[in-house]
Amino acid sequence: MSLVKITGLHKHFGANHVLKGIDLEVAQGDVVALIGRSGSGKSTLLRTINGLETIDKGELVVDGAALHDGKGDLRALRQKVGMVFQQFNLFPHLTAGQNVMLAPTVVKSTSKREAEDIAKEMLLKVGLSDKFNSFPDQLSGGQQQRVAIARALAMKPKVLLCDEITSALDPELVNEVLAVVRQLASEGMTLIMVTHEMRFARDVGNKLIFMHQGRIHESGDPKTVFAAPQTPELAGFIGAVQEA
Amino acid sequence: MAYQFDFAPVLQHSDLLLTGAAFTLALTAVGAVLGIGLGIVGALCRAWKISPFDRLFGLYVEVIRNTPFLVQLFFIFFGLPSLGVKMTEWHAAVLAMVINLGAYSTEIIRAGIQATPRGQIEAASSLALTRLQTFRHVVLRPALTRVWPALVSQVIIVMLGSSVCSQIAAEELTFAANFIQSRNFRAFETYFVTTAMYFVMALLIRQLLMRLGQRFIVGRPR
Chain H
1 MSLVKITGLH KHFGANHVLK GIDLEVAQGD VVALIGRSGS GKSTLLRTIN GLETIDKGEL
61 VVDGAALHDG KGDLRALRQK VGMVFQQFNL FPHLTAGQNV MLAPTVVKST SKREAEDIAK
121 EMLLKVGLSD KFNSFPDQLS GGQQQRVAIA RALAMKPKVL LCDEITSALD PELVNEVLAV
181 VRQLASEGMT LIMVTHEMRF ARDVGNKLIF MHQGRIHESG DPKTVFAAPQ TPELAGFIGA
241 VQEA
Chain D
1 MAYQFDFAPV LQHSDLLLTG AAFTLALTAV GAVLGIGLGI VGALCRAWKI SPFDRLFGLY
61 VEVIRNTPFL VQLFFIFFGL PSLGVKMTEW HAAVLAMVIN LGAYSTEIIR AGIQATPRGQ
121 IEAASSLALT RLQTFRHVVL RPALTRVWPA LVSQVIIVML GSSVCSQIAA EELTFAANFI
181 QSRNFRAFET YFVTTAMYFV MALLIRQLLM RLGQRFIVGR PR
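Protein chains in written order, with full-length UniProt numbering: chain H, 1 to 244; chain D, 1 to 222.
Treat the hints as calculated values from the structure; they're not laboratory data.
Keep in mind that the hints are not guaranteed to be accurate.
Stated by the list, open to error - Facing chain H, a subset of chain D residues (Cβ under 7 Å, in silico):
| # | residue |
| --- | --- |
| 1 | Q114 |
| 2 | T116 |
| 3 | G119 |
| 4 | Q120 |
| 5 | E122 |
| 6 | A123 |
| 7 | L127 |
| 8 | A128 |
| 9 | L129 |
| 10 | R131 |
| 11 | H137 |
| 12 | V138 |
| 13 | P142 |
Since this is a predicted model, take the numbers as computed values, not measurements.
Cβ atoms here follow ideal geometry from the backbone N, Cα and C, with glycine treated the same way.
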């Protein structure tokens, strides 16, 4: 029984057909790495999974919350799917703790005290229990991104989407964020991530998806796929990434 | 210069001036709270294109910003009674100020809302907040923080503009000054003192509102 099931998904931006029939199943506990060139549709695919991009055609089901041809209960879907962004997107007027508390109190009507406990627990999980009262602009990029992870986890999502979450970080801050993701994976969190960290995708992921021109071009076990890509496009992509 | 300055005939009416100033401040306080409140609603409708209110607020903003405050005031106080809508000079004065400030603050606050980074709204959406929850908890405070100095300036402009309410016999500071001047004919002294009072009030309001903004809107020490 798959946790996320995508069937025949199509998406256009105007005349541009960006997703041309995606079929994808993700099981509980899977760690999926989405890779591909810029413009291949990988970020768009990720963003459709919690409704940030609308779907023109096809079906998306996450743990019972479904969208048929883009119609359905978006908020029910979003409560199952957390998301972490490249640019962190913390709310600048709230402290780290308040950032984490906001959605549980506003969306789930959790009491303030209970939300505070959740926030403390989540900040502890990402190693920032001492930053509860810090504002985002008082934190480093890596710390901000970890708060953003804690904020998403506070809603107890079934799946966590990560959209190039280390791409805006200084190189020395990348590892502290990856360490948190690695820990989540080891705890059994279902993760779908768009990433340029190929080594991380290979080491932590159990499923690799290579997007090319709006389609899933090749997929499989990361170690196998990296060692022996079956298509010239993926071989070329891996080569280009490794040269960099 | 032959003119002998004599401030005593003005200062003997200081009770009138202070009462007038108090009414000016009260008008401004009520006008500012309701006017900014109206501006927040208008800005929400305009910035997030909530039909049909976005167009109604658009029309309202254009009408108010392109007509004189004095004429707006006369329309409310002298014009509306023809339709059976009668009110006291104070109610008319407050209403005119709220309507006037509401239009300007709609545009000021809208600018603050539209400067919200898209990622903030996407983050709120991804956390399953509704549009209204996103506005209230994520968008509004940073938006007001961004435009607060402009909003404070607009409140002061409206406070100074409230002097025209003397024309419908609302007994605020300018009304008191006109009354005193008509008694003692000390125009220079009377309006000199009145000018100084407006000046001090404007400075105090700016200080007060900037502090309140820092405390309640920005919500953290600088």
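These are the hints, each one checked on the structure:
1. Evaluation of the Q114/D hint against chain H yields a violated restraint, the C-beta minimum of about 16 Å exceeding 7 Å.
2. Because the beta carbon of T116/D sits about 10 Å from the nearest beta carbon in chain H, more than 7 Å, this interface hint is broken.
3. Contact between G119/D and chain H, as hinted, is supported at the beta carbon level, the nearest pair being about 4 Å apart and thus within 7 Å.
4. With a cut of 7 Å, the hint placing Q120/D at the interface with chain H holds, because the nearest CB-to-CB distance is about 6 Å.
5. Annotation: interface hint on E122/D holds; nearest CB of chain H at approximately 6 Å, less than 7 Å.
6. Hint status for A123/D: holds, given a least beta-carbon distance of 4 Å to chain H, under 7 Å.
7. Satisfaction of the interface hint for L127/D is found here, the shortest Cβ-Cβ separation to chain H being roughly 4 Å, below the 7 Å cut-off.
8. With a least beta-carbon distance of about 4 Å to chain H, the hint placing A128/D at the interface is held under the 7 Å criterion.
9. Residue-level restraint check for L129/D holds (minimum Cβ-Cβ distance to chain H is 6 Å; threshold 7 Å).
10. Nearest Cβ of chain H to the Cβ of R131/D: about 11 Å, over the 7 Å cut. The hint is violated.
11. Checking H137/D against chain H: minimum C-beta separation of about 6 Å stays under 7 Å; hint holds.
12. Given hint, V138/D at the interface with chain H, holds; its Cβ is 6 Å from that chain's nearest Cβ, closer than 7 Å.
13. With a cut of 7 Å, the hint placing P142/D at the interface with chain H holds, because the nearest CB-to-CB distance is about 5 Å.
In this structure, the earlier hints numbered 1, 2 and 10 are contradicted, and the remaining ones agree with it.
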